[in-house]
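*Asks:* Kindly generate the complete structure, drawing on both the sequences and the hints.
Position one of the sequence shown corresponds to residue 38 (my numbering), numbered consecutively onward.
It is possible that part of the hints are untrue.
Said to hold, decoys possible - Pairwise CB distance ranges (calculated): (1) Gly-273 <-> Asn-343: 26 to 34 Å; (2) Gly-78 <-> Asp-355: 38 to 46 Å; (3) Lys-262 <-> Ile-230: 42 to 50 Å; (4) Arg-245 <-> Pro-352: 13 to 21 Å; (5) Lys-262 <-> Thr-76: 31 to 39 Å; (6) Ala-180 <-> Glu-232: 48 to 56 Å; (7) Asp-265 <-> Val-131: 53 to 61 Å; (8) Ala-290 <-> Asp-391: 19 to 27 Å; (9) Val-206 <-> Glu-293: 33 to 41 Å; (10) Arg-176 <-> Glu-232: 46 to 54 Å; (11) Val-231 <-> Asp-355: 26 to 34 Å.
Said to hold, decoys possible - No farther apart than 20 Å at their CA atoms in a straight line, the calculated lysine to any residue pairs in the SDA-like style are these: (12) Lys-262 <-> Val-172; (13) Lys-309 <-> Ser-272; (14) Lys-262 <-> Phe-225; (15) Lys-309 <-> Lys-262; (16) Lys-309 <-> Asp-265; (17) Lys-309 <-> Glu-250; (18) Lys-309 <-> Val-172; (19) Lys-262 <-> Ala-379; (20) Lys-309 <-> Gly-334; (21) Lys-262 <-> Ala-364; (22) Lys-262 <-> Asp-244; (23) Lys-309 <-> Gly-173; (24) Lys-262 <-> Leu-368; (25) Lys-309 <-> Gly-273.
Derived by calculation from the structure, the hints in this document are not laboratory data. Quantities reported herein were computed from a predicted structural model and do not represent experimental measurements. For every residue, glycine included, the Cβ atom is placed at its ideal position computed from N, Cα and C.
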Amino acid sequence: MNPLTIPGGPAGGSAEAEPTVDVLLSRALDPYAWERRHTRGEVPDAWPYGLNRLADHGFRVTAAAPNVRHSALGARAARAVGGFEWLEVAARPVRRDAAAVMCWDERAGVPAALLARRRRQQAVATGVIWLTDAVGRPRGALAMAPSALRSAQLVWALSSAQIPVLRDVFGVPERQLGHLPFGVDADFFRPAIVEPVPGLVVSIGNDRHRDHETLLRAAAAAAAKVPDLCLELVSGRDVEVPAEFGVRRPRLAHPELVDLYGRSSVVVVALKPNLHVSGISVVLEAMSSGRPVIVSGTPGMDDYVNHGRTGLLVPPGDVDALATEMAGLLLDPDRSAALGRAGRAAVEALFNTDAQARRLADLLRAM
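*Replies:* This is the structure in structure tokens:
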């Protein structure tokens with residue numbers, strides 16, 4: 038891959054000037070609207086995923102507000118053609134001074150790469166999240182995705198387990214692949230000054246790889262050993278939490294999540310097998326909040342969780358193992374606190390959005 042520079046340099050400048058990266062987000066995310074919410078304290082990081090922090094690592098970062106708004110009908114139509122956002126990407130103005138277009142995930146990345154190739158536009162860098170998992174993959178996704186990803190100058194994944202699939206199944210050359218460890222805003226998600234509520238188990242998540250059935254069965258088993266166990270599940274899915282040991286909330290705003298993490302004694306993320314480290318946002322937010330985490334050890338999760346030191350990994354679907362670890366931490370506050378401190382230290386050192394931006398900048402410069 039060639040070093041990333043603006044061909045000929047910007048107007049009146051040189052090729053050594055900071056290259057411009059034009060950010061294209063899916064789901065009609067508007068970075069500037071997000072920034073206004075961040076100023077009000079409503080969301081972490083100034084831009085989604087902390088992509089604004091690329092400006093601290095040698096890049097000029099720009100974005101455009103989406104021209105096409107999502108609707109339920111539009112979402113169904115997009116899924117019918119592989120889940121990709123063709124209209125949104127095609128309608129977006131192209132910055133001629135940008136060295137590259139950067140997409141956080143494949144919903145925008147696949148259309149952007151194909152359109153750039155046909156229009157002979159800038160280099161495209163994109164992440165891939167869901168395509169590597171066959172379960173739930175939209176019909177038609179594989180018709181265009183392999184060709185598009187092969188034409189992108191950089192394809193990254195948040196899980197090391199995705200890299201072999203992108204190489205061997207999608208045919209993306211090794212030189213175009215990168216592993217990008219995820220990060221969260223360590224200033225927004227901070228350790229609480231209050232003590233955790235004894236027995237409070239927190240779990241958060243909506244995607245198809247959340248295993249709420251295993252979570253509920255394990256919580257019921259753990260409650261037999263920990264009478265004050267109370268599960269707070271935040272999920273928009275239609276899950277019935279038995280009233281005798283828990284409650285479900287459809288959703289919480291980010292500041293409310295900060296409060297919930299602070300009150301928790303343990304954060305649990307039960308997962309079905311997947312390659313894209315489903316649940317990693319919750320895992321790292323909890324670690325950043327200084328709370329102990331138990332998570333299913335799906336492929337790639339050990340990129341983030343050092344079992345027994347910064348958190349606990351249990352086999353996916355193993356009710357007994359999850360119940361044992363849940364009860365064990367609730368009955369051992371000192372061990373829970375030690376795991377929480379180590380998790381926070383790992384986020385401060387490795388898994389924050391500034392570290393993520395630094396690694397992403399290195400990948401962009403190398404492409």
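*Asks:* Are there hints from earlier that the structure breaks, and if so, what are their numbers?
*Replies:* 3, 5, 12, 14, 15, 16, 19, 22
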